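Chemist: Sequence:
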Amino acid sequence: MVLRTITTQIPKFEDLKLPPVLKDVTLTRRGLVILVGGTGSGKSTSLAAMIDHRNENSYGHIITIEDPVEYVHKNKNCLVTHREIGTDTNNWFAALKNTLRQAPDVILIGEIRDRDTMEYAVAFAETGHLCMATLHANSANQALDRIINFFPEERRAQLLMDLSLNLKAVVSQRLVPRTNGKGRRAAIEILLNTPMVSDLIFKGEVHGLKDSMSKSKEAGMQTFDQALFDLYEAGEVSYEDAMRNADSVSEFKLNVKLNSKRRASEDGRPKMELSLQRISGDKETDKSSEDQPATFQNSQPAADSPPKAVITGR
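Here the numbering used here runs 3 ahead of the position in the sequence shown, where the first position is 1.
Hints were generated in silico from the structure; no laboratory data involved.
Computed from a predicted model, the values in this text were never measured in an experiment.
Treat the hints with caution; some may be incorrect.
To be verified - Below, a list of computed lysine-lysine pairs in the DSBU-like style, where the Cα atoms sit at most 30 Å apart:
(1) K20 / K213
(2) K77 / K26
(3) K213 / K256
(4) K213 / K260
(5) K15 / K213
(6) K20 / K220
(7) K20 / K256
(8) K15 / K220
(9) K220 / K256
(10) K264 / K220
(11) K26 / K79
(12) K220 / K260
(13) K218 / K260
(14) K26 / K213
(15) K20 / K218
(16) K218 / K264
(17) K15 / K77
(18) K185 / K264
(19) K26 / K185
(20) K264 / K20
Stated by the list, open to error - The following label-pair restraints were derived from C-beta to C-beta distances:
(21) F205 / R149: 14 to 22 Å
(22) R104 / G238: 44 to 52 Å
(23) N101 / K264: 53 to 61 Å
(24) Q105 / D250: 37 to 45 Å
(25) T42 / R158: 26 to 34 Å
(26) F205 / P14: 33 to 41 Å
(27) P14 / L257: 32 to 40 Å
(28) E269 / K79: 40 to 48 Å
(29) T197 / R247: 27 to 35 Å
(30) N80 / K264: 41 to 49 Å
(31) N78 / D214: 40 to 48 Å
(32) D270 / R158: 50 to 58 Å
(33) L30 / E221: 14 to 22 Å
Where is the CB? At the ideal position from N, CA and C, for every residue including glycine.
Build the full structure now, drawing on both the sequences and the hints.
Modeler: So, in structure tokens, the structure goes:
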């Protein structure tokens with residue numbers, strides 16, 4: 004039996020330390036936003052925080068379609084309608100089909116599991132709504148590969164064009180243990196639909212997205228390895244845990260070796276401390292020889308030799 008602790012309190016952006024660029028993504032008027040990650044990666048929690056931010060900082064009607072409902076949002080500046088599969092509606096198809104009749108501004112789909120759900124998600128974005136959904140995948144690249152593979156070959160060209168026009172962001176995350184042992188921190192990969200990204204998606208060149216992310220950090224994008232590097236530099240996660248979660252261990256190691264101030268200080272600290280101890284020890288030796296007795300530490304006099312003083316730098 005596996006038990007998971009589920010909290011009903013909706014966390015804030017600041018609580019989860021989500022990247023600020025996601026606030027802008029959440030408040031966008033229309034488009035498709037997909038949060039991806041493995042089971043237990045915290046994507047539903049991050050999505051709840053994003054919906055709550057929209058609820059507090061915008062106006063309109065938010066509809067959530069989930070199985071089951073994980074977080075209950077109270078009406079703030081928005082009217083929030085929760086629809087649970089099997090309770091409020093018979094199935095996913097009926098819920099998705101009737102959603103637009105309720106005049107929503109934001110539509111949350113708990114999970115995209117098949118082609119039909121994906122078609123509705125794209126259609127919602129095309130018709131001027133903000134659609135937010137989750138998908139099981141390990142990265143933004145893998146998420147797009149999985150979406151493409153939902154559809155037969157003859158429909159993929161149209162799908163790629165629709166995604167290039169309507170996709171706003173793909174947010175992927177993994178949870179990494181904190182160095183202090185108190186909980187975990189989310190390492191977040193962010194793909195934003197810039198003109199370059201849109202062109203790559205339109206051409207079906209998904210393999211080129213990671214390179215585009217790594218070179219567009221000033222635009223708010225970042226890869227997993229960059230996110231892990233930042234968490235390591237901030238002292239949030241350990242070097243070992245960061246490597247375990249890196250997409251490319253060799254690239255992460257090289258980045259740390261060339262650019263990490265934390266690693267440089269950790270590697271240099273023993274040498275620096277030893278030098279300081281030697282200098283301090285020399286000064287103490289000169290001073291103690293004049294007016295203070297020497298301090299002994301674990302010394303044993305030999306049977307036929309006088310005691311030998313061991314000077315410490317303390």
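Chemist: Decide, hint by hint, whether the structure agrees.
Modeler: Comparing the hints with the structure gives:
no.	hint	result
1	K20 / K213	23 Å, holds
2	K77 / K26	19 Å, holds
3	K213 / K256	18 Å, holds
4	K213 / K260	21 Å, holds
5	K15 / K213	28 Å, holds
6	K20 / K220	17 Å, holds
7	K20 / K256	25 Å, holds
8	K15 / K220	24 Å, holds
9	K220 / K256	19 Å, holds
10	K264 / K220	19 Å, holds
11	K26 / K79	17 Å, holds
12	K220 / K260	20 Å, holds
13	K218 / K260	19 Å, holds
14	K26 / K213	22 Å, holds
15	K20 / K218	23 Å, holds
16	K218 / K264	21 Å, holds
17	K15 / K77	14 Å, holds
18	K185 / K264	24 Å, holds
19	K26 / K185	26 Å, holds
20	K264 / K20	22 Å, holds
21	F205 / R149: 14 to 22 Å	18 Å, holds
22	R104 / G238: 44 to 52 Å	51 Å, holds
23	N101 / K264: 53 to 61 Å	55 Å, holds
24	Q105 / D250: 37 to 45 Å	40 Å, holds
25	T42 / R158: 26 to 34 Å	29 Å, holds
26	F205 / P14: 33 to 41 Å	36 Å, holds
27	P14 / L257: 32 to 40 Å	34 Å, holds
28	E269 / K79: 40 to 48 Å	45 Å, holds
29	T197 / R247: 27 to 35 Å	30 Å, holds
30	N80 / K264: 41 to 49 Å	42 Å, holds
31	N78 / D214: 40 to 48 Å	43 Å, holds
32	D270 / R158: 50 to 58 Å	54 Å, holds
33	L30 / E221: 14 to 22 Å	20 Å, holds
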